[in-house]
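Enquirer: Kindly produce the complete structure, drawing on both the sequences and the hints.
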Amino acid sequence: MKGRHTLELREARTPASTAVISRSIRRRQMRIGLLFVSPWILGFLAFFAYPFFATLYYSFTNFNGVSAAKIIGFANYSSLFHDSLFRSAVFNTFYYTAFELPLSTIVALGLAMLLNMNVRGRAIYRTVFYIPSIVPLVASCMIFVWIFNPTSGVVNALLTGLHIPGPDWFFSITWSKPSFIILGLWGLGQPMVIYLASLQGIPKDMYEVAALEGAGPFQRLRHVTLPMISPIILFNVVLQLVLCVSYFTQAQVIESQDVGGPGNSTWFFVQYLYEQAFNFLRFGYASAMGFFLFIVTGIVTVVLFKSSSRWVYYAGDQE
Amino acid sequence: MIEQAQHDGPIRQLKYRRFVKPTAMFAVAAMMVALVSYGTAGGTTKTTKAVKPHSVVNLTWETMWSGNTLTLLNQMTTAFNKTHPGIHVTETNIPSSTGLAKIASQIAAGDPPDVFTQWWPVLGEYAATGSIDSMSPYLTGKYAGLEKWEYPIAVAGGTYKNQLYAIPMSMNSWALYYNKSIMAAAGIKSPPKTLAQLDADSAKEWVVKSGRLIQIGEYPNVDGNGFEFFTSFFGATNCFNSAGKYDFANCPNAIKEMNWIASFAKYPYSQVNSMEAAYGSVAGGDDDAFVAGKEGFQVTGPWEGAQNIPVTNVGMEGNFGVEAFPGTVGGPSTIGQGNFNIIPKGASNPKDAFEFIAWLAGFNNTNFTASEDPLGGWVPASPAVAAAPAYQKWIAANPWLKPFLSQMGSKYSATPALTPTESQLEAAEATATNNVLEHTMTPAAALRYIDSQGNVSS
Chain V
1 MKGRHTLELR EARTPASTAV ISRSIRRRQM RIGLLFVSPW ILGFLAFFAY
51 PFFATLYYSF TNFNGVSAAK IIGFANYSSL FHDSLFRSAV FNTFYYTAFE
101 LPLSTIVALG LAMLLNMNVR GRAIYRTVFY IPSIVPLVAS CMIFVWIFNP
151 TSGVVNALLT GLHIPGPDWF FSITWSKPSF IILGLWGLGQ PMVIYLASLQ
201 GIPKDMYEVA ALEGAGPFQR LRHVTLPMIS PIILFNVVLQ LVLCVSYFTQ
251 AQVIESQDVG GPGNSTWFFV QYLYEQAFNF LRFGYASAMG FFLFIVTGIV
301 TVVLFKSSSR WVYYAGDQE
Chain G
1 MIEQAQHDGP IRQLKYRRFV KPTAMFAVAA MMVALVSYGT AGGTTKTTKA
51 VKPHSVVNLT WETMWSGNTL TLLNQMTTAF NKTHPGIHVT ETNIPSSTGL
101 AKIASQIAAG DPPDVFTQWW PVLGEYAATG SIDSMSPYLT GKYAGLEKWE
151 YPIAVAGGTY KNQLYAIPMS MNSWALYYNK SIMAAAGIKS PPKTLAQLDA
201 DSAKEWVVKS GRLIQIGEYP NVDGNGFEFF TSFFGATNCF NSAGKYDFAN
251 CPNAIKEMNW IASFAKYPYS QVNSMEAAYG SVAGGDDDAF VAGKEGFQVT
301 GPWEGAQNIP VTNVGMEGNF GVEAFPGTVG GPSTIGQGNF NIIPKGASNP
351 KDAFEFIAWL AGFNNTNFTA SEDPLGGWVP ASPAVAAAPA YQKWIAANPW
401 LKPFLSQMGS KYSATPALTP TESQLEAAEA TATNNVLEHT MTPAAALRYI
451 DSQGNVSS
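In the order they appear, the protein sequences are chains V and G.
Per this note's numbering, the first sequence starts with residue 1, numbered consecutively.
Per this note's numbering, the second sequence starts with residue 1, numbered consecutively.
Please keep in mind that the hints were generated in silico from the structure rather than gathered at the bench.
Bear in mind the structure is a predicted one, so any value in this text is a computation, not a measurement.
For each residue, glycine too, the CB sits at the ideal point set by N, CA and C.
Check before you lean on any hint, since a few could be wrong.
Label-pair restraints from in silico Cβ distances [to be verified]:
{"hint": "1", "chain 1": "G", "residue 1": "Ser457", "chain 2": "V", "residue 2": "Phe52", "range": "20 to 28 Å"}
{"hint": "2", "chain 1": "G", "residue 1": "His439", "chain 2": "V", "residue 2": "Val135", "range": "31 to 39 Å"}
{"hint": "3", "chain 1": "V", "residue 1": "Leu137", "chain 2": "G", "residue 2": "Gly110", "range": "26 to 34 Å"}
Derived coverage of chain G by chain V (criterion: at least 3 residues anywhere in the stretch with Cβ under 8 Å from a Cβ of chain V; other residues may be distant) [what the hints assert, rightly or not]:
{"hint": "4", "segment": "157-170"}
{"hint": "5", "segment": "266-278"}
Expert: Have a look at this one:
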C-alpha cells in the first residue's frame, strides 16, 4: 500500500514540488541518521582514520614523539632496506606466516570435521578442543615456556623416555620458529568453531545426492564440503593472515622470560616496530615500518580476494 | 490519496518531534554532560593547586617494580610524606615489560608522572629529544653539592651534555660470585685472581653428561647482555673515534673482550640458556643456575646473595663468596648502572619532584636511605650513605658485599656515555653477544654490528 501511495503522489504532484519534498525528507533523514551513527563515525575518525594518515605522514619524518617532526622524504623507507635486523624480522614473520597459515587452516578444518562426526561424547570432545583458545594468551605462553624447556620440560622428558633426543625448542635457531608455530596451533579453537558451524550449515541432501551419484568420502569432501564452506575458509584465512603478520604478544611474552630469540631467529616484525618506536623513540622509522606492513598485507589480501573467484563458491551467485 | 499522502508529512514530523528529536537531543546532552564531567574530574588537581598555592602538592611517582620491592617503596613514600607536610607522594606501578611504551606515551600526551624511575638505558635518548627535564637548574642552595656527594659513576649515568638529567636512588654493582663446594669438587683452592685463572678454573667446572648440560662453569652472558656488563672490566665501556662515533671495532680493549666472550662459544649456548631459564621460571624469575647450586661462577649484583639465595635456596647461604672480577684493567671496577629517577617533560610539579628525587637518593636523608638500601639489596648512590652506620652494619653482617661497595668509587669503574642512541647500542651489544656465542657472528663482525647500530641516525 505504501508503495502505491508514493506512486500516486508522484503522479499527482508537479515534478518540481515532488523533488523539493523528497529532498527535504532525505535531508532530514540524513541528519537523523548521521546523528545516530555519529559515535561510530567519531570513533572511526579518531581511532582509525587519524592514526592511519598520521602514520603515513610520520613515516616521511624524523619524529621522536616529543619534538616537532622533521620531514625527511623517503629516508625512513630507504633505511629499512639497509637494516639487517629489519630483514631478519621480515624473514621470520614471512616464515611464520608461510607455515602457520596453511597449517592452522588444515588443522582447524580437520578438527572441525572430526568434531562434526556423529560419535559418542561429541560434546565433550568439542569442549576439550575449544578450551585452549579460552586460556589467556600470556598463560598459554608461560605453559609453553615450561613444557618446552629442554632441561626441565615435560616434552623432552617424554621424548627421552622414548629414546628420542629432544631438541632445544625456543633456545635453538633451528627449532625456535617451529616452537612458535606449534604454540599457534594449540589455540585454534576459534577458527575450529567457525568451521564447525559452517559444516553444520551444509544441507544433508547434498551429501545424499552425491552418495547416490557414487561419490566416495574424498569426492564428497572435495566437491561438496570444501566448495560449500569456501567463503568461511576465505574469511578465516584472511583473519589468520592478519594475525600472523602482526604476530607480537606471544613472542614478546616468551622472550621476556629470557627464552627464545637465539640469533634473532624469533625477532618478529611488530616486535621490531615496537622496539623502534617505544625503546628507541624512532616513531618516524616505526611509522614507515607500519606502513610497509600495511601495504604488504593489503597486497596479499587483494591477491587472496582476486583469486577467490576461482576457488570460493557463493551459492547466491549462481541464482 | 493525495490528501492521505499530504498527511504523512505532518505525522512523520510529529513522530520526529515526539520521539526522534528528543532522543537525539538527549543523547547529545548526555554526551556533553559526560565530557564536561570528565573534564572537570581530570582538571580538579590542577585547579585546586592554582587556587590554593599553599595547599599540599600532589606528586605522582611511577615505577616498574613489583613483588616485595613494593613494600619498600611504600615505606619510602610514607616516610617522605611524614617529613614533608607540603608534598604528598603517591607511588604507582606499571609492568616493566611495557614501562618504556607507557612513559613514552605519557610524555607524548603531555600527561606524565612527576617522577619516573628508569633503569633501562634510554636516558640519552630522553635527554636528546627533550623528553625529560634537566635538574641542573635546581643544583643551587642546599643542593649545590649534590653532584659531588654522589659516586662519579652515578653522576655520569645521569649526565648528558653537562646537564644533570637523572639521579639514582640506588646503584647496581657487578662482581664475581663463586660456589665454594663446586670449586672444592673441581680441586680449586681459592677464587681466581686473573682472567686466565678464571678461564682455567671455569673449564674444570663444566659438566656435560650424555650430551646434556649438568653444571655450568662460567658463562659471559649476564641477563642476556654480556658485552656491556663486562666492558668496565676490560676498559671498553666507551669506545669512540675522533669524530665522536662509536668505534668498538677498532678499540683494542673491546676486541679483547669480544674475543674472550667468543672463547665460550665452545659451550652449548642453548643448553646454558635453557638451564638458566628453567631455574628462573621456577622461582618467578629470581632464581638462576647459580642460586640453584648448578653454576660455579657468575657475574651479577648484590641482590643475588642478599635476596635471591635467602629466598629461593637457603642451602646456598654460606656456600658462596664474591670477588671483584679478575679483569685486565688496573683494578676492581664495575659498570655504572642504577635506578635513575627522572622528571618527565610536562611534569606538573618539577621543583617538588626534584626535592623528592634528592631525598630518595639519600641527600640530606642519609640515615633513612642507609637503612632502606639493604632491604632492596641496593648499593647507595653516594659514599656518604654507604658510610652511614645502618649500611655499615649490613656490610659487617654480610662481608661478601664488600667488593660491590669498594669498586663503586674505583677510578676504573665506568658508565656508558649517554648518547641519543644509547638504547640501540645496548640492544646491539646484547644481540652481538648472543650471536657470537651462537657462532652466527665472528667477534670482529659483532663489533662492527654494534658500531653500526650505535651510530644509526636518530
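Enquirer: Hint by hint, say whether it matches the structure.
Expert: Here's how the hints hold up against the structure:
For the pair serine 457 (chain G) and phenylalanine 52 (chain V), the beta carbons lie near 26 Å from each other, so the given range of 20 to 28 Å is met. Distance hint check for histidine 439 (chain G) and valine 135 (chain V): the Cβ-Cβ separation is about 37 Å, which falls inside the suggested range of 31 to 39 Å. Remark: the range hint 26 to 34 Å for leucine 137 (chain V) to glycine 110 (chain G) is upheld by a beta-carbon distance near 32 Å. A count of 0 residues in the segment 157-170 of chain G with a Cβ less than 8 Å from any Cβ of chain V is obtained; the coverage claim is therefore unmet, three being the minimum.
Requiring three or more residues with a Cβ within less than 8 Å of a Cβ of chain V, the coverage given for the segment 266-278 of chain G holds, as 9 such residues are present.
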